Amino acid sequence: MGKDPQSSSRRTFYQRMIYGVSSLIAASLTVPAVGYLFPSRRKGNAGKGWTDAGDVSALPLNEPRELAFQRKRVDGWKTSTERATAWVVRTDRELIAFSPRCTHLGCGYHWETDNDRFVCPCHTSGFSITGEVLEGPAPRPLDRFETRTEGNRLWLGRVRTIPENGGQ
Amino acid sequence: MRDLIRRILDWVDHRTGFETAVKNFLYEDIPASSGWHQVFGSVALFLFFVQAFTGVLLAFNYAPQPGDAYHSLQYIVNQITGGRLIRGLHHWGSSLMVVVVGLHMIQVALWGAYKKPREATWILGVLLLLLVLAFGLTGYLLPWDNRAYWATVVTIQIAGLAPLFGEYLVEFLGGTEGVGVSTFTRFYTLHVLMLPALTVLVMMLHIHLVRKHGVTPSPRAIGKPKKKFYPGQAFKDLMAFFAVFILLFVLAATVDVPLERLADPSDSTYVPRPEWYFLFLFQMLKFFEGRWEVVGAVILPTLAVLALLAVPFLDRAKVKRIQQRTLAFAVVGVVLAGWLALTVAADLTTPEPVASARETSPGAADWRLLTPVELAGRAYFRREKCADCHNLAEGEPKMGPTLATVSQRKPTEWLMAHFGNPSEAVPGSPRPATTLSDEDLNGLAAFVLKLTPTNAAALEAVPPYAMRAAVIYQESQCGACHVVNGSGEESGPPLNGVGQRRTAEWLEEHFRDPQKFDPQSVMPPYDFPTGDMKAMVAYMQALPPELQ
Ligand code: FES
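Protein chains in written order, with my numbering: chain A, 1 to 168; chain B, 1 to 548.
You may find that some hints are simply not true.
Far from chain B, some chain A residues (derived; all Cβ distances over 10 Å) [said to hold, decoys possible]: (1) Thr79; (2) Thr85; (3) Gly108; (4) Trp111; (5) Pro121.
Derived EDC-like pairs (lysine to aspartate or glutamate); straight-line CA-CA distance at most 20 Å [claimed, not checked]: (6) B:Lys534 - B:Asp513; (7) B:Lys228 - B:Glu28; (8) A:Lys78 - B:Glu413; (9) B:Lys212 - B:Glu28; (10) A:Lys72 - B:Glu439; (11) A:Lys72 - B:Asp438; (12) B:Lys534 - B:Glu508; (13) B:Lys226 - B:Glu28; (14) B:Lys227 - B:Glu28; (15) B:Lys516 - B:Asp527; (16) A:Lys72 - A:Asp52; (17) B:Lys385 - B:Asp347; (18) B:Lys385 - B:Glu439; (19) A:Lys72 - B:Asp513; (20) A:Lys72 - B:Glu413; (21) B:Lys115 - B:Asp315; (22) B:Lys534 - B:Glu490; (23) A:Lys78 - B:Asp438; (24) A:Lys78 - B:Asp68; (25) B:Lys23 - B:Asp13; (26) A:Lys72 - A:Glu135.
Calculated directly from the structure, the hints in this document are not laboratory data. For clarity, every value in this text was computed on a predicted model and none was experimentally measured. Quick reminder that beta carbons are idealized off the backbone N, C-alpha and C, glycines included.
Just chain B, same shape as in the assembly (with noise of 0.2 Å):
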């Protein structure tokens, strides 16, 4: 049996050379000095793997559309088995990689491995330094979230102040409209098709480089007899993989990656907060402000990365031993105490985005400044009977989710879906389907993606001849030709503020016969029954003057 599976193996590398080469792999030689503080670059390697394979499964069920982007992550984190575990792994992963790959950049620092003959190695390396900050930057986008979306929007600004060529970024970055489908799309490109191929590239190439001039070996190691790196460097390695495999875990299975409300490019109050590593850059831009923003978002920057690749060539004298190296020391350590300073600066100074998005997005605290359709949603609501298993704001405990915190993470089809048949979206619901029209049910799903934990209870409290009026206004589609609180069409008049101008009667009496105002109006009498006319008259007595 044995003697088998070498012949087949003997057979096999005769003709591809696969076991050679792995054998010539496994049994380099490496400096006697080599030990655990080597271990960062293969770390790295074996996270670029780690991302590799999560991404692509991600890919398998991700929609890479705006909108649908949003969802089909949704439907991952929420549906599919282990979808949460591996949206984790890929977004925890990524910030290891960042972690590990500043480790690594520090350990070749301090040692001075980036000294003649392996300046170009060290090149590459910062090239693969950027490649991972691209990464993590296109990579933000790709939820669709209210998030990512406003991220971007500043980072497609910054690229715009780059001088000369920052109009051309732009649009290489699809921004040229502001961030959209073309800006999706590019930044999807870069992220799984470019970037992956670059990376490989470089890190082959990286890679090469290393072998070729071995493994640095501290001064005292020089002429001492030299080590395999298998199996001793490799157990190394791995124990080092491992540690950071745990971790990595750990992180994925236990803290969630926050999946924020859909992207929404209309609300102007959403503070966009970068990724950890960004940080310290976006902290910096506050020191910048009018004509010298430049400076913060693109010339120091750029600097910073010529002063990385210009190391070797900077510090050229002859290899030390590492306690004798006290001011590279000092630099690494007073650009990580910047880098520090500045991140902790941002992270007290940026408020916590989720919260500050829907408790000030106006108007939501009145039930006054909802929509007809959204207070109609109200009275669908009270029709339905949705409080026999739901609670709006917290309170008593009832069968269904509290609606107020529930309703951020469900996307408008899901709720759709959920009150034409509850029990196909839930399985086990008792409640059966309801018997509202679309147009109606679309009113329930606006309704309810308006409540925060914040306005659920005023919400709660609308009187009932604002939510009889919101139907009764509906039905009538008076939303064909007026404007309340910004929705409809604009070709009758505005009804904010026509409680302010016109009495009760009047009101009435225009609604029963419009022309005895105006012969010229071409609005249709409404006779409505004297309980419904009464709602409507104090409906719109009580719309707010002016929506601000």
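Chain A on its own, in the form it takes in the complex (with noise of 0.2 Å):
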């Protein structure tokens, strides 16, 4: 560690050569390690497409069932078919297709005739059979898939999600 003027100044160049080189080296590991842990979901085909959810034609008015269904599931490099259901109401005015998952934490609920309403049994949240909150923590109302009918049986799309003010 000389003290003359060349060799401090050859020192700062070793410096920031140093730095430099490790931080371009680090970085073109990184970029790469967050694309790859973080695939963008423009490649996942997952979601899209409908699903044959079933005949409703034998669904009474105002009483809520659920449908089970073949459902196809693309999970990374797997595609595979899975076992899904729905909560199916048939109103006066339109087919609801409920995700079967509450909107708080996600658990499973059911249709309590006796007291007209949708139960999640995990912090009790309770739905109208439109899918309003009615009590509980539940944050919003239950989440719907799109629907479309041919014919007789009923055909789901996406979850869409429903703004805590009931989708205005």
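Make the complex out of the two chains shown on their own, each in a separate frame, by following the hints.
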């Protein structure tokens, strides 16, 4: 470690190069790593497409039923068929298909005929037959599938969230 | 501000000693003779970090199960941002690691830096070399493609040749029942858990010893004032990292690492080929036959490792200047030349595996050798108008890829998804969804997977009657009782060669009324309409006599 100006300027050069080059190496490794760990949604094709949820001609008026159906699921490198369900209600105005997950923390809920409401057992949220929150901690109405009917068959699309004030 | 940072650093240092430790490390005294030739050890350490980093990343999207491993790797390479690059870095990083560790050893050997009191450092170094090779060997299986599979079959065989403990070694590697799930899991665990842990441990000991004894000075540097590691030598190390990193990055970005087709234990034509740094061993095996095989496979390599370990004890002369170490140069030169000669010989005499595997796969060149499922697949290909967008063999360009060249890269699930709903598997694909059943789609996938660049033209020219018959064969479920070309159940007589045994009239009559010929027959009557009947009879007659 000489004190003369030449050696100290060389020392500065070394230091700058060391910082520069190590940052460059670190960056060229982290940038691809970030892309890799957070694969952008555009490449995925999950959630696209419609699923046949079955025949709904026998569905009674204002009586929610849980429909079970087979759904295709693209999960990473695997495309699999899995069993899925939806709570389906025929009201006098429309046919609604609810996602079977409570909007609070995702538990499964069920219909209680006596109470005339959907009840989630986890933290006792309650929802009306059209999905509005009646009680409990649920932050928003039940999520709904996009629906389409072909003849008697109900087709389900993606799940849509209804914001807090009921979709105005 | 500066003051505050200083105080925080002091506070931390007082409690942890981190800063002091880093400073001690950076301001280590090194001999005046240190220079560019001493960067290799650091570069190896750097590469180890790169391997650990990319390896962990790969593991984030990798399914460690045979089959799934292959598909998840395909997913990594084809779908994930940066996946191809990261796999490339890991793959080429392992090759560079072998090169750098080799250079490091050569440097130490030429300079005689293993001499007293640094024998233990050298021995740990040899251990690290073996660990690097073990990484290469175990990692080779993890893509679970044909190459991985067959190379590991050979590895396990060689392990089994080891005298006394060969059997146990094979058991340890999970290879008792042949290469399979157990082998895979063992290799995976070795590769990602045990070897890294061992390597870190041995590396720490190795570095500890390097620092304990200090960097070996050249005889002329003894007595001269010492230098500090930082920043002069640190700069040289880092420049070396940079050079290696650029090389690695360019390799990873430009040279595709092959992913062959899924491991196929029935592909007996496959000639496995090890990674380049094992080619010399592979070549050496060719010189030893029969019961001498153990010499090339186990005894010589073991002796070589023992010789390496013994180096510091064999050469105990006083430290000399590098210019005077002629013997060391001679020995290193001979070893390198031998290694190079064996490697080149191996490279020249081993056929390229990919081509041989697919081109000679039996029976693929003639539609008569397809199974009815595959042949029906060919019919669905026509019926579903796949040819609107795809060529089977090279031809005038169409919107979709030519299938003979593309099918090797897609797994069955992908194909099924694509047939079922093309725009889902290939966004933007204009074809409408198909109406075929899953079973039919399977047939289509089986057919597409059968395509190779060499047989596509032949498989394009299937006569219409054969396609028609194959569909009828499938619909009538003839395969539930009969075997054609090795596919189907065996409760009824096999149909290969039935055309040689029976006349067309007999066949037709037999379809209509099997019990007329054999009252015991359980075959139901098939009264096909004229056109269908003609096709079925012609198909039966076209079947090859026996499948070799
Ligand atoms: S998850 Fe349903 S109430 Fe909490």
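What hints, given by number in increasing order, does this structure fail?
1, 17, 19, 22 and 26
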